[in-house]
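Asker: As a plain string of letters, each chain reads:
Number of protein chains: 4
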Amino acid sequence: MDIAAILREVRESVGRSADRGAVANYIPELAGVDPGHFAMSVVLADGSQHSVGDAGVPFSIQSVSKVFALALALGRLGDRLWDRVGREPSGLAFNSILQLEHEKGIPRNPFINAGAIVVTDAVLATHAPREYLGELLGFIRTAAGDDDIHINQAVARSETETGHRNFALAHYLRAFGNLTNPPELTLGSYFHQCAVEMTCDQLARAGRFLMEAPGMPRLVSPDRVRRINALMLTCGHYDGSGEFAFRVGLPGKSGVGGGILTIAPGRAAIAVWSPGLNAQGNSKLGTEAVEMLARRAGWSVFG
Amino acid sequence: MDIAAILREVRESVGRSADRGAVANYIPELAGVDPGHFAMSVVLADGSQHSVGDAGVPFSIQSVSKVFALALALGRLGDRLWDRVGREPSGLAFNSILQLEHEKGIPRNPFINAGAIVVTDAVLATHAPREYLGELLGFIRTAAGDDDIHINQAVARSETETGHRNFALAHYLRAFGNLTNPPELTLGSYFHQCAVEMTCDQLARAGRFLMEAPGMPRLVSPDRVRRINALMLTCGHYDGSGEFAFRVGLPGKSGVGGGILTIAPGRAAIAVWSPGLNAQGNSKLGTEAVEMLARRAGWSVFG
Amino acid sequence: MDIAAILREVRESVGRSADRGAVANYIPELAGVDPGHFAMSVVLADGSQHSVGDAGVPFSIQSVSKVFALALALGRLGDRLWDRVGREPSGLAFNSILQLEHEKGIPRNPFINAGAIVVTDAVLATHAPREYLGELLGFIRTAAGDDDIHINQAVARSETETGHRNFALAHYLRAFGNLTNPPELTLGSYFHQCAVEMTCDQLARAGRFLMEAPGMPRLVSPDRVRRINALMLTCGHYDGSGEFAFRVGLPGKSGVGGGILTIAPGRAAIAVWSPGLNAQGNSKLGTEAVEMLARRAGWSVFG
Amino acid sequence: MDIAAILREVRESVGRSADRGAVANYIPELAGVDPGHFAMSVVLADGSQHSVGDAGVPFSIQSVSKVFALALALGRLGDRLWDRVGREPSGLAFNSILQLEHEKGIPRNPFINAGAIVVTDAVLATHAPREYLGELLGFIRTAAGDDDIHINQAVARSETETGHRNFALAHYLRAFGNLTNPPELTLGSYFHQCAVEMTCDQLARAGRFLMEAPGMPRLVSPDRVRRINALMLTCGHYDGSGEFAFRVGLPGKSGVGGGILTIAPGRAAIAVWSPGLNAQGNSKLGTEAVEMLARRAGWSVFG
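Residue numbers (our numbering), protein chains in the order written: chain A, 1 to 303; chain B, 304 to 606; chain C, 607 to 909; chain D, 910 to 1212.
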């Protein structure tokens, strides 16, 4: 398999696309991103890395950070984290708050916002915010083998100012006793965690610990790797998770900044970035690119 | 790997379980099944088959039939089937009808009842009910390599008499124009399809076409196999699908009769039967047995 | 108060309205009605009757019939009817089925479709359909003091053919054990009851028993009259009930045929008919006409 | 009619009741209230006032304050207030947040929490919090003809500390652009407004402006009085509003402190207080007492 040729082909195909989706516009830092960016980077099981496009340009990983935060939280708290958050897809987007109501404040999974807020809150029970963010950044840097990964403070600040829905979720969780810190404190850390910036090259390398391949960084146990991958597959793309599994056939986690981290277990860690989003809030061309790559490379967990 | 030893171990472990779940009781034919039954059967990639327990006792496969019906319908109609049914997990059980309302009568996926009713209805556009059921039974028999597979007419009759929720769903679909036949006609076929009876040995063999392994029956294209497996993983256990993916890590489809068909792509087709159900309506000991088997055998699509 | 002058004024004002709403089009018999019709008829406490417009033209009273059916059912069954149906407004229209699910098959009130189906079903426990419809027609004729009131069989037939949502509701109720007859049987009577045709003059007279004024027909006890009026006020206009109470200030019940029966307790029974509907499915000009009449006449239950 | 005799009878009947409901316990100031309190006070159209029980003991009026806040806001803003809040009953309690989502942040009516928060927020567009609370207290004191009415600061503080659901609602409203002030600011005023304390005697007098009777304080126009009464009738008891209208037949507004203000238009203003609540969060014995009083006195808006 000539991965470099496949990547070139994907880039060309994506370049012909007239509809690139709509860039997230709820904060100026995201609204101002050039929708013309495209990058894809792949780390293979042999440790080699292959990229096309703007793979060295940093972008806001946003909800992709939830994968690292979950891995860190499971390491700190173990399986009792699951007392506070479920493992099921959430169905309709609009249900998030209704489901909190019905399910007594237990979010459906750690990759919807409510669930990710609980995960952050759980670690903050024993870590000060600064300490938590330091550990998270350390985890990501170790995973990527690269210390040049940072939090964009302007993004974190804008998220705080516009994050009314997240504040609503946090207060709601608190009303059910499933938030142990004051909403401002937990959300402060949560907004900073979402504001991590990485390049596609860095993100692909940071995904190696989920590949379950020899020679890759071992940051969590094999059993936990499989479970994180399972959650990425069933819940990693909000209400587009089923569609991503159907079309791509690999675990992946998207962010509203236009990035997607995808894992082909035993074979590859893949990062893609294209800022325009589809109706479900996932990178439009990024999804198409990963689908094309997976098909050409013959990567699917389903056969 | 000594699969026979693993199966014995699983049976012993399951035999020690005090809580076997509750047998479905909405029709007398299911309510009367002995909860003490247990069977597991595995077909490996080398074609060998291994079983424990009551693997030769027929049971009502119920919703497991939706996998075969979907494969058949895709063969007849191709991808335009997806105009009428989605590919997303449904979230909360209670949403099924609310979601139909919101989503204009398009069921979320082909494995919830509303979706399976649409799949059956779609094939009935060009097939008479008797013809459809003949083709479906033919498909299952070919897959299993066994002609001794039948529909239990008493079960089909009881389903018809008590299927008020399914009638409600069918009329609702009809109100949105997503049911082309009269509800009685489509549901007549649907209830018969759910009333197929198979043994665990037969069901495991019937699952071989989803294994994507050399020498197995090739009934649908490889691409379609992967997509059916993707749907089984994200939607195959109703509102317990995420949990099954998390714990077992394999695509599976359950039925209210206590059967589960599970696929380890490239490696095995697994059927299990234990009539008692858990809170999500999936076989309680069956789920535990598949989880144990998958762990011991090291089978997971996630690494 | 010169009621004739007020009625003329109302008709003129309504006649100037450019937007008459949209005529119900789900069955040909309603779709074909001329949207230009307008009629209003008022019976005062002194027994005099005053009309404008097409007050002698029969129209399909549709859901206005639920008032008579409720009065009849309460007479037959007494307060145990309330074991099967509630007395609360239903909130959002789309909730009707969700609420049935949450509230164990007990419809919120007797004026939403699910509730009216239960009311009809309850009387059918002791009456054959033909007998029930005979009694209902008798009740309406007695109330109106007019035997020339009939059921339009073509309308009843069309309702049966297109009533998929009502069939869905009935099967759903049955699934919860809150429908004792087969759905076809109960809905057969229900569709016939909705197909009663009356003129505005007849409908206003038929509403006299809810006026609580001396000399009016006494068909139910005073206490029950007040309670039926209360239900009309809180639930009589589906999800537009609050708005009707706010603007008109009188109990009323609308039908999709464009009729509204409104009661000014102690003062008047008012019938209005204009076939075009507003977004909530209530007569657009009919609502405006009753609002204008109530304001000019100074009729409001609220002061 | 001997109102004093009726009141004695009501008190005796209520005194025999074994089940007094459960006192609200979400803040210590309410949880500590003696459930044995009972008071009822009636102002008749002739201006006379009649009381039984602890009619001179102040209690927290809580949501009863929403009536005064609405009257004040309509006076300040006029009908453009209705651009931001609806006039329909809300249906199921759990819907409140779902409905905000579906209805683009427009609360269903001004008497559910979300709606009352919007009403307060609207006045704060032109008034500082201190100024607003001063005006509100002034309005209530004028209505009651009594300056000895105050805000309980301890209650306001406790509400602030435990009001997570209200904070969630406020942030949610803000996310939809239907909250113009910071949540803390609007809620600060809202919690203080709910913490107004009055005796039953004061509350009955404060309700006189809604009676539409000669000689009563005229604080808002007759048209507006009728509309406020309409809203109290359709929406004044949360998801128990239909039941209150059905049983009592008069407009009323309840508070979680156990108070209810009820209006018999043209005849009486009625205040009742019994701290124990029923399942819908309305005073249990208070509701029963008003029902009995209305029946004995023959007061009903429905005939």
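It is possible that part of the hints are untrue.
[What the hints assert, rightly or not] Not the full set, but computed from the structure, chain C residues with beta-carbon under 8 Å of chain B:
| no. | residue |
| --- | --- |
| 1 | 688 |
| 2 | 703 |
| 3 | 711 |
| 4 | 733 |
| 5 | 736 |
| 6 | 737 |
| 7 | 770 |
| 8 | 771 |
| 9 | 773 |
| 10 | 781 |
Simulated from the structure, these hints should not be mistaken for lab results.
Here the structure is a predicted model, which is why all the values come from computation and not from measurement.
C-beta: ideal position from N, C-alpha, C; glycine also.
Asker: Taking the hints in turn, state whether each one holds.
Answerer: Consistency of the hints with the structure:
no.	hint	verdict
1	688	23 Å, violated
2	703	5 Å, holds
3	711	10 Å, violated
4	733	23 Å, violated
5	736	25 Å, violated
6	737	26 Å, violated
7	770	4 Å, holds
8	771	5 Å, holds
9	773	4 Å, holds
10	781	4 Å, holds
Hint compliance for this structure: hints 1, 3, 4, 5, 6 are not met, and every other hint is.
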